[in-house]
Structures are given as C-alpha cells and as structure tokens.
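Chemist: The chain contents come next:
Protein chains: 4
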Amino acid sequence: MDASLVLERNGTLWIREGRRVRRGDLVAVGRAEDGSEGIYVHSLDDSDDEGEFRFMTSAVSREKPIDYLLMAQMLLDERDRGGYPIWVTGPALVHSRARADMVWFIENRFVGALLAGNAVAVHDIEASIFGTTLGMTQSGVASSGGHGLHMRAINQVRAAGSIAAAVKAGIVANGIMHALVTHDVPFVLTGSIRDDGPLPEVITDNIAGQDAMKKHTTKATMAILVATALHAIATGNMLPAFVTNDDGTLRELPTICVDSSEFVVSKLKDRGTHQAFGVVTNAQDFMHILRLYVEREITARATPNT
Amino acid sequence: MDASLVLERNGTLWIREGRRVRRGDLVAVGRAEDGSEGIYVHSLDDSDDEGEFRFMTSAVSREKPIDYLLMAQMLLDERDRGGYPIWVTGPALVHSRARADMVWFIENRFVGALLAGNAVAVHDIEASIFGTTLGMTQSGVASSGGHGLHMRAINQVRAAGSIAAAVKAGIVANGIMHALVTHDVPFVLTGSIRDDGPLPEVITDNIAGQDAMKKHTTKATMAILVATALHAIATGNMLPAFVTNDDGTLRELPTICVDSSEFVVSKLKDRGTHQAFGVVTNAQDFMHILRLYVEREITARATPNT
Amino acid sequence: MDASLVLERNGTLWIREGRRVRRGDLVAVGRAEDGSEGIYVHSLDDSDDEGEFRFMTSAVSREKPIDYLLMAQMLLDERDRGGYPIWVTGPALVHSRARADMVWFIENRFVGALLAGNAVAVHDIEASIFGTTLGMTQSGVASSGGHGLHMRAINQVRAAGSIAAAVKAGIVANGIMHALVTHDVPFVLTGSIRDDGPLPEVITDNIAGQDAMKKHTTKATMAILVATALHAIATGNMLPAFVTNDDGTLRELPTICVDSSEFVVSKLKDRGTHQAFGVVTNAQDFMHILRLYVEREITARATPNT
Amino acid sequence: MDASLVLERNGTLWIREGRRVRRGDLVAVGRAEDGSEGIYVHSLDDSDDEGEFRFMTSAVSREKPIDYLLMAQMLLDERDRGGYPIWVTGPALVHSRARADMVWFIENRFVGALLAGNAVAVHDIEASIFGTTLGMTQSGVASSGGHGLHMRAINQVRAAGSIAAAVKAGIVANGIMHALVTHDVPFVLTGSIRDDGPLPEVITDNIAGQDAMKKHTTKATMAILVATALHAIATGNMLPAFVTNDDGTLRELPTICVDSSEFVVSKLKDRGTHQAFGVVTNAQDFMHILRLYVEREITARATPNT
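Residue numbers (this note's numbering), protein chains in the order written: chain A, 1 to 306; chain B, 1 to 306; chain C, 1 to 306; chain D, 1 to 306.
Worth flagging that the hints you see were computed from the coordinates, not collected in a lab.
Some clues are possibly wrong.
It does not matter which identical chain is used: a pair holds within one copy or between any two.
Unchecked claim - Heads up, simulated DMTMM-like pairs for lysine to aspartate or glutamate below, C-alpha to C-alpha not over 20 Å straight-line:
1) LYS219 / GLU78
2) LYS214 / ASP196
3) LYS215 / ASP196
As the structure is a prediction and not an experimental result, all values here were calculated from the model.
This is chain A alone, in the form it adopts within the complex (with noise of 0.2 Å):
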C-alpha cells in the first residue's frame, strides 16, 4: 500500500517500497486525486445515502454483532479456490487456549503463512515443553519459578540449532510451530526491540523482516490479524487493498482485524488499511467460535440439500 510506482528501462512498471527505491529510477509522481496529473486513484465508495439520522453508525464497535458464519464461509471458499490467507498474530494467542485452535487452522489448510514476532514462537515451545507460557499455568495462575522458563525453551531450541531442528528431535513436539513444521506451511518470524533470546529464525533486522514478510503480504488473497497492533500495521502497510479474480476483476482483499479494543483496528484503518474489518473480542474466543463455525460450515457444504 505504501509504495512508489517505478518505471522499469525494459518498459515494466513495478510497485517498489521506499526502501527499495534507487537513485536513478522513474517515479511517479502526484498529488491531484482526480487523474489530472495522469495518475489515477481509486477506492471502493462507501458513502451511502440513506438520510442522515441513524443510530450504530460508528465504524468499529464492541456492541455490534460479529458474523462468523461469514467469516467462515470465506476462509472455506479461499481453501476451495486454492487462496493464500495469511495469519498475523500476537502472543496472546498463543497465553490462551486458542493456541489448539491455531494448530487445528493449520492442520486442516486454512493458513497460506503465518506472519509473527519472536514471542509468539516462544510462548508456543514454552507451552509445549514446560505446559506453561510466561510462566502461567493453562488455568492462568502465576507458577512460582515460571519466569524463568521461557528463557530455557529458548535455549533448548538454540542448543538444537533451529526451530525446525528442534520440532524434528522431538522436543517440540505439539503446538503451533510444530504443526506448521510439520505440514511445512512457510512462517516469518521477525524481532522486535522487546525480544529475549531470540530463537534461529528470528530475523532481528527489520528491513529484512519486512522483506521476508512481503514475499507472503503479495501472495496474499486474504489476511487475518489477531491480537496485534504491530504486526497488524507491518503488514497492513503491505498488503495490497485488492486482489484480482480469474477472470481479471478486481476484489477487495479480506482483512479481518481482531482485537480486545477500538483503538487497535482504528489505529489500521488511520493508517490506510481502509478495508480493515473490525471485531472487538478476547483472541481465544474469536479463535473458538470461528473454528467451530467453520466445523458447522464444513459438515454443511458435505451434506447434499434434498
């Protein structure tokens, strides 16, 4: 989204981000909206006009209704027409129970690629080793001697050489990581400033990160963003606003964008993720209903109407 249109000297067009810009190359440059400098932007219209006095008309609100069953309904239509969705997540994910949830997501090939920071690959090996994460029992309660464990998971997996490594040698041996391992579903795992460790295939640098992330944002045919504002906005920043159908139209790209609060999903769409949908709830629960809607939806597809 954030990026130059370049001109190639083979007569290509490419859309470069800033840090890929070189002296040199041919940018196009503009600011009228309305083509007059012969660049031409456009946006879905949302404006309606349906009179100006209604209730419930805030953008993104904990009181309005979440629809699962559509959300559902697109993650089984983007699995039937071979979509790439990508995941971004949080640790929070992974600090709940929704962490079965997410393996169950990638074992049955509803995530394209999972887009992450270092903690939540953490977290998840903790739990998988130890049953804790940051130290906190599954029932939530602060184990004495806990805050230390994450710093042994990630020792285990650097004494193992790599996350991938450890997964094969059994000591990891359940959970998200594993699960994406072993059904070899691509992930990103970059650094941010707040790291312990950091475990292998961390990227530490960002402009690299954001690199490895643009390789899956531009594949991307849908994008689900839980319980993260940095990541949500990293990869909102990438992700193009449309995806083009078979038969060569345009459809805005899905961009579901879960969060405890507003502020989050109003945050991504102040930063130009405009066709950012909100759901304001707790990531475990989203993780479950969603699951389960996709279970019902699932046995519904397979049972023939008479």
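Given chain A, put chains B, C and D in place with the hints provided.
Modeler: Chains B, C and D in isolation, oriented as in the chain A frame:
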C-alpha cells in the same frame, strides 16, 4: 455486603442495608478488624508464599486464559443441587447475537432470576418485533429509519399493558423476555437516568429497585454479571460473600464478571466484591462458548464411564 | 433530541419527551427525511470532498491533539454573553484532584448548573469531612477503615437534613457542593441503582430525575460532560442540537465529552448526539489544563493590544 | 533485569543479557529464592498489615489521583544531583502538542537520553518541516495529500545524510530531534517491523538496537516511559531495579509509566518491572501538567523561605 448488623428487639440479628436502618435500631459498631472490639471480620486469605519473582501476577488481564470448563461445571452443579444462580446483564448481550444463547440458558434452567435495566428488555423486544437492536440489523448495519424502532417497540408493549401481557398476546414471540415469561423465571428491571420509555415493568425508583433486586441476591448461590458496570456494582453491593452449604460450612459465592475491559472488574473489586472472578472478553463470544461447554459437559455427564 | 413534535389545542407546537405524551395528543409522524411527508429534517453536513486517501480520519482518537485554547475561548465567550453552560460529571472528577479545579470554575461563574449522580456529591462531601474519597487518600493510597467513610459522610448530611443545611452548618466546609450552595448555582443529583445512601437532595425516581435535568438542558447553551457514560448519554438524549443566536440564526450547541477511552464518545454519537466533540484523556488532567488555559485567556483578554 | 550472573575468568562478576552469554561462561544457576542454593533474591516488600477490608486497592487505576508534585520534585532532585533520567517515548507524544513540552524538558536539562522508535523522529521532523504529523494538522484535522508528508520528511533527511546533518543544514529547525542535537543529548532510535523509511540514524537490527539502548539503561537513575508499550517493556527488561546512592545504599530506580489505559502498566509489571508507577492519562496532558509543576517547583525552590 455494604450493610449493618442490627439487633432486633426479639433478640435476633439481621443484616440490614443503610436505607433500611431506622432511628433507635441497635447497630453493631466497630473499626478494629482484629476482634478487639468484639466484632471479628473474616475473609479468605488469598496470599501465598511462593517467592517474590513471578510473571503474570496481575489480578485481571485479557492475557489470561478463560476456564470455560470450570464455569460450565459450576453451572451444572448449581442446577443439580437446586441452586439459585442470578444473571445480571447489560444491553450488549442483546445488541449482539448472544440473545439466542441467553434464551437457551433460560430454557435449560440455568437462570434463577435475571436482573437488568430497561435497555435489555427494550432491545430484546425491538429484536423480537422488528429484527433490529437500536435500529441495527443482526449483521451490524445501521438501518435507515431504524433509530425510531426501539420507541415503537416500547409503545407496543405499553399498549399491551405489560411485557407479560405482550408475550401472552403474541406481540413478543421470541427472545429473552419471552423465555423468562413463558418459563416463569422471575426478572427485575430497574430504571436508569438515561432510559427512553420506560417499559411498564421497569421500577423507576432506585430505592424500590434495590429492594426488588435484594430479594434475589439474598437467595443467590452464584452470580453471573455480563457486560454491565452499573448493575454489576449494584449487585455486588448486595451480594453476600459466602453461601452456606447443606452441612453448615461456608463456601465463597461464585461471582463471574464478564466485560470487554479489565476496568469494570477492577472497579468491582475496588468496591468490595473481592471474590469476583474476571473474564475479559466480548459478551457475545462469552455466551456462545459458555453454552458450548455446558452442552459438552451435559453430554459428558450423561455418558457412563466404561 | 429524542422527543415528539406535539400540536397543542391552542395551536402552538411543543417538543415533548415520550413519557410526557398523553392519549389524544396530536403528534407529527413521518419516516421520510426528505420532506416528502411534510416534515423536514436538517442537520449540518460534515462531509467533505478532499480526496479519498487520508490518514487519521477517525472521529475520536487519543492520538489527536486536544484544542484547549478553543475550549477556553468558548467558555469565556459563554460567560461574556450570559450563556448557560451545563456541566455533567462523574465521580472520577472527585476521586482525583480535579475537585479544586471544579470549584474554581464554579466560583468564577463558568457553571450554569451541575447535573450528576449521588456518588459525585458523596465523594465530594467525604473529601470535605474526612479528606478521603472511597477511603483513598489524596495521594491514592487505600486507608485502613476508609471503606466506611463515605457512609459516615452520608450519615452526617442526613442528620443535618440536606446538603445545603450541612453547608450552612459548617459540616461541609469546602469542595464542589459547598461552592454550588454558596454561589447559588443550581444542581440536580439523580440516583442510580448502585447508590449507597442516598443523600437527601438525590432524586431517586428516574422519571422525576429526568424532568429535573430537563429544566436545565432546555436552557443550556453549552455542555461539558466529564467522566460519566451514564449521565452523558442521559443528557445527550435531552440536549437540543442547536442554540438560537440573538439574531435568530442557529448554531450547533457545543458539546464536549471527556473520557479515558474512545468508547464513551463513540457510544454517545451512536445514540444520536452527533455534535459531541470527544476529548480522550484523564478527567483530572483535563480540568487542570482547561483551567490553566482559561486563566491565560482571561489575562490575554484583559491586556490591551499595543 | 532479565539477565544472568556470569563469573569472569579474572574473578569479577558481571550481569549479562542472554544474547551476550557465550559457550563456556560460568553462569550462576538456581531456582530457590530462599538462598538455599547460595543465591539470595531480594526485593522490597510492599505488603502491609492494615486489615482485610479496604476499597481502591487495585495497583493501577484511572480513578486514582496523579501526584504531579512528587514527580516534579523527583525530576528536580535528579537534575540537582547530576542524575541520568532516561525518557522513552512513543509517537503519540509528537502527534499531540506535547512536542513543545518535550523540547522544554530537553532544553532545561531534565533529559539524560531519549530512547524511541523511528516514528517519534519521523513525526517530529514532519512537524518541523510541514507542520503536520501523519498529515494531520495541529488542530487534529486530516489534511488532503497529507498522508504522504512523512515520506517527504524522511526523504529530506536521507538526502541530508543524517538527522544531525539535517539540523545543522537548517532543514529541521525546531522540535524534539532539533533540541536533542543542539543540546548534545544522546538519543537511540531503534527500528520496528512497521516502520516506513527508516531515518538514517535508526538502528534496524534489534540486537544492535538493544545494545545501544543498554548503554543508557545501565547509567539510568530514573526512567520516564510515555505512551509506548513496545519500548516501555523493552526498556523495563534492561532497567536495573535499584540505583546505588552516594553512600552505598540502594534505592529503587524510580520508573514512571504513562499510558491511556491501565493495560500497558499492568503488562509492564506482569513482565517483571515491579517498581513501575503507573499514570493513566493522555500523553499530551501528562507532559503539559508535569512541566507546569516543574516550573512551579523551580520557582518555589528559588524563593527563600522567610
């Protein structure tokens, strides 16, 4: 909880709220909590001795897992032992599609009484008659002209004379109020300063409203407070901290408080309902998953172990 | 705002709230907003035509700057023209040290009337008598035995007969209620279901409470709503959207809504108070800076330009 | 805080972060916190013995007063004794008008070092060159075409070679970065995965970024964390819990954490920065009032008691 110990003339002791204490009543007075003034204050000690360094020790956090299985088991145990679980809900429960789940809990005898404000009944009845809540469709879209529908719903009930009459007349044919009336589950609707309307059964005087709620909190053996700061704190003020078991021993009165933010639960605890257990999530999702776990637990209990 | 247009027998037109409409009244009815049914609905158009791509377009956000100078000028203009600014506040104003600033605004004739709940007066009077609010000292520490002090404060006022009497008797010697009484600024205290007490002047019936508030919202030329969801929405429901200028033209009734989160302001707008201007901050800090800007503006206006 | 105790070959003891521990290092290992394994863990005990029933005991709450006077005195004391207060800020500080106040703190020697992300510098420099932040004017209005201005600001600095060079060339003529450069106050800008740009001085590798931050946290005698979850937790991870006084005794390192919600402060504490003192408010308002109190305290200290 916020009450006085009064010695009656006939020698019995009563716990009486401030507004019910009369001139001449003999009230136990003391500030020391160590028994030195003849009054001994006891609460459960939740401190522990597991070392000073731990992570994730905050009392309430959206980062903590939610133990739906435990809550489901508690609800079933209450039903089995003939308990009196009171539900206290805010209108968010009806805005979203948790309405169907609330009906399920009523129909399946998990609700001893419902305590709520005018808005819960108004939105529920608007949904029954017009299919919208505050003019918003079930998919969350603000409908043109919809901002007046809740007033039309109120008018229809007022014309019928009461909610119960509107149910019997078939005007209100489904939903929470319909389920309460048809299953003879008592409800208390109290007014607030921001009400439109109000509906006929709504008690507009707060003192009278508190007395009506008090009749149910006295009998309560469990409390589920969903998406309401006002009524949650009102109920917390009246709720005993303990229930007497059949064998005369005491157990803490289980109190679940569900809200989108940590703030309401902290506020509830800050005002003395120390036993409240906080669930930070969306009301719709809470209801849906809780029902799911209760259904699973019913199946599990019905299945003989082999 | 939420009211009906009623044609009286003597030919005059009145705006009347639902609870005041009587059988036989002639009420203007129409659903079309284009005037085709003889009723023409008008609101200010805030749309614009400045291109589709912009950042930071959300209606309310803590990331947006707060224009204290503008608010200070509006308050001074209101005072100069003899306006009637109504203040609607929650107890957070008294918990924190904004209490002294609120007193300053009352003493300096920036408050036409104060509308609030029982708790505002209870905490203010507890602070006056005991120096605490809900047992918490001014530096925010919970004091031992302090949880009973608000009840003792209520008892002292009840013994005096009224807040005004307690002020005159010197029991309440400073604070918000003291300033209101000694400066003859009217106040309305309405009850809520979670009240302890209540204090003598508190109107416990909500219908009567709405009528009492209505007397002031009708005269209002500006509204400042601080740290209260309940009373802000109650007031928003009654507040006209426009004020008539001396020359007969209309201007929007300036409505400032201050809260710690975006949610309350969005909720207020979602319920029809479209003109509300949101300030997302802490009530204490808002009051302190607003006062500072008003003081500076007074000095600036008093200084002749040279 | 999150580090290992390493015994060097020359017999000295070092505290070393995980990423700096090398194969063969002798690391102190122990899980018991009672000294039984030869390692004794000590922290200040903040428990008390003032009875079981109290209100308002939550650790962090927007309902608690903010003691600006105390914070102002601490800042002045730090300046008097030649302390090294580090400031860690998020971009909200620049979005809003707290920018001028931050400049004032730098110019008046209250800032030992500034630790922040790319965005703080980008927004600050956009404000200096174009008068907007993320295209939003100082009064909070989204300007047409403004969404590209932060990229133009970045481009101008990149063309100059560095922020320092841009300041010297007069391109950046005011603001936070200008004040830091002209007053020789060190700053560390670290990158994140969501950055546009980045600016020349930004350290894009997180390991290198942590090392750069560490140089300042080691010297820190006070920490002020404003409106940043990411950098606040990153700094908290590195910050010692205690400072050594001149007489060899220890005092807790004063750590102030300012955010719009209780959540960030709780999260910081949940990750081990137990000494953090939370201020729940808007960053702009915090900066403005803190400056006001510091100015008043300067005047008070300059005035001889008579």
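Chemist: Hint by hint, say whether it matches the structure.
Modeler: Taking the hints in turn, this is what the structure says about them:
no. : hint            : result
1   : LYS219 / GLU78  : within (13 Å within a copy, 52 Å between copies)
2   : LYS214 / ASP196 : between (25 Å within a copy, 13 Å between copies)
3   : LYS215 / ASP196 : between (26 Å within a copy, 17 Å between copies)
Checked against the numbered hints given earlier, the structure satisfies every one of them.
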